[in-house]
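Start from the sequences and build out the full structure, keeping to the hints where you can.
Chains A and B, in that order, give the protein sequences.
Each residue of the first sequence is one higher than the one before, counting from -1 in the working numbering.
Each residue of the second sequence is one higher than the one before, counting from 39 in the working numbering.
Please note: incorrect hints may appear among the correct ones.
To be verified - Here are the computed distance ranges between Cβ atoms for each label pair:
#1 R113/A <-> E167/B: 15 to 23 Å
#2 D84/B <-> G36/A: 19 to 27 Å
#3 W166/A <-> R153/B: 20 to 28 Å
#4 W166/A <-> T76/B: 51 to 59 Å
#5 E77/B <-> R33/A: 28 to 36 Å
#6 D107/B <-> F170/A: 43 to 51 Å
#7 A184/B <-> P122/A: 38 to 46 Å
#8 M83/B <-> R169/A: 45 to 53 Å
#9 R46/A <-> S183/B: 20 to 28 Å
Hints listed in this document are in silico derivations from the structure and should not be mistaken for laboratory results.
Here a beta-carbon is modelled for each residue, glycine too, at the ideal position from N, C-alpha and C.
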Amino acid sequence: MGTPAKRPFDAAAASPIPRRFQAAVSAVSTAQILRASGYSAAEAAALRALSDVAGRYIESLGRAAAAFAEAHGRTEPNVADVVLALEEHALDGFPGASDPARPVLCSGALAELARFVDAVTEVPFAKPLPRRAPGSGARKGWESFAAAEREPPLRHVPHWLPRFPEGWEERFHGRGEATAKDEDTGEVAVKGSESFAAAHREPQLRHDPHWRPRFAEGWEERLRLRGRDETAAKDEEDTGEVVTVMANGNLVENGRSSVPENREKVLFRLGDKWRRRRQALPPEKCGGALELFVKRTEKLV
Amino acid sequence: MMSGGGGGGGPGGGMGPGMGGPVGGGGDGRHDDEAALTEFLSSLMDYTPTIPDELVEHYLGRSGFHCPDLRLTRLVAVATQKFLSDIASDSLQHCKARVAAPIKDNKSKQPKDRRLVLTMDDLSKALREHGVNLKHPEYFADSPSAGMAPSTREE
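Here it is as structure tokens:
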């Protein structure tokens, strides 16, 4: 008489291998058995089908053995139950099947198995499988607020839900900003960033609404530097008389467009070939894009 | 597509009279039989089945078989291995029979087979004798040329 499972989780689906491995492992072991039988290759579909059949066979044996045990009032199958399940699965019969008073523990099915074990060469599985500790997977990994006898920090969270992990407050509101969390009313900013209104600051640019997230620190410097770097690079490459302007978004800086104060001619850069052709022609001849285009077609024609 | 054949019978088959066996038999004979069984089970611990214990426990757990005894797990693993090798040998016979049958020219059929490949055809024939119905479509009609030229796929 086996002892029943002490905890409900023990007998439940706490499998020793992760579920995504089971198909791969069964395919590998089936392939090893096939190779030991003389096959050197197998179709992919055939291998998958046979490994699935093997898994179902194991399940069927287990189900039959568990049914025999339950019929005898036990919760854990023993060797007699397994032998009876084996006899039931022997579709071609086994020696001694006709005798209704046959002894179970020395049945013909076991004898066949013993003969098989003696005859076949031992082929262990290819790689050792990582095994979960038998007691670790069974226990659930969380504890509810009620079980821990703690109040949920937020009012809308029921007490039967799992507890929040340690340090959730810092991670939630962190990144150096001041926490806008209000514990009494339970309002929590769900965004990672903070709006202008929450930070009690006015947006620097007039068109930006106050409920949008704040600009990151140092945004002005970065914007100014980026504009300056780009124009400086272009200056080095060009003849120096024409300044190109990149369209760099809709941000306006202090109400003015980010264009250097002193500039002579402005041409929108459309591609590298435009720049090369612009350098070929003297600057006074190209008053605009249209003229340049007309000149190019004249050259082609 | 595939259905298990004979594994779903009721549990009341050989139960009652079978359980009375060890009690009704002779004393010495019973001890010998049990000794043989114990010896077999202990020999199982030396033999490592090809199917790893973790996989067998996983599948047994899905059907409600919970047993801390490792020998029973090994017993089930060995039984499954025997089942698979029976199927493999049956399909091997089918394969060799198919290769040996059309002996038209001698130069293509060598005495030793080049590569034995497990095909779905052989497998379904072998499984049918063991109670599993496996039907595999020959081709999927997803392109105009599907199923036209015979192709052998090897893994």
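Results for each hint:
1. R113/A <-> E167/B: 15 to 23 Å: holds (20 Å)
2. D84/B <-> G36/A: 19 to 27 Å: Between D84/B and G36/A, where Cβ atoms are some 25 Å apart, the hint holds.
3. W166/A <-> R153/B: 20 to 28 Å: violated (59 Å)
4. W166/A <-> T76/B: 51 to 59 Å: holds (56 Å)
5. E77/B <-> R33/A: 28 to 36 Å: Distance hint for E77/B, R33/A holds at roughly 30 Å.
6. D107/B <-> F170/A: 43 to 51 Å: Given about 49 Å between the Cβ atoms, the range holds.
7. A184/B <-> P122/A: 38 to 46 Å: holds (41 Å)
8. M83/B <-> R169/A: 45 to 53 Å: The hinted range 45 to 53 Å holds for M83/B and R169/A, with Cβ atoms some 50 Å apart.
9. R46/A <-> S183/B: 20 to 28 Å: holds (25 Å)
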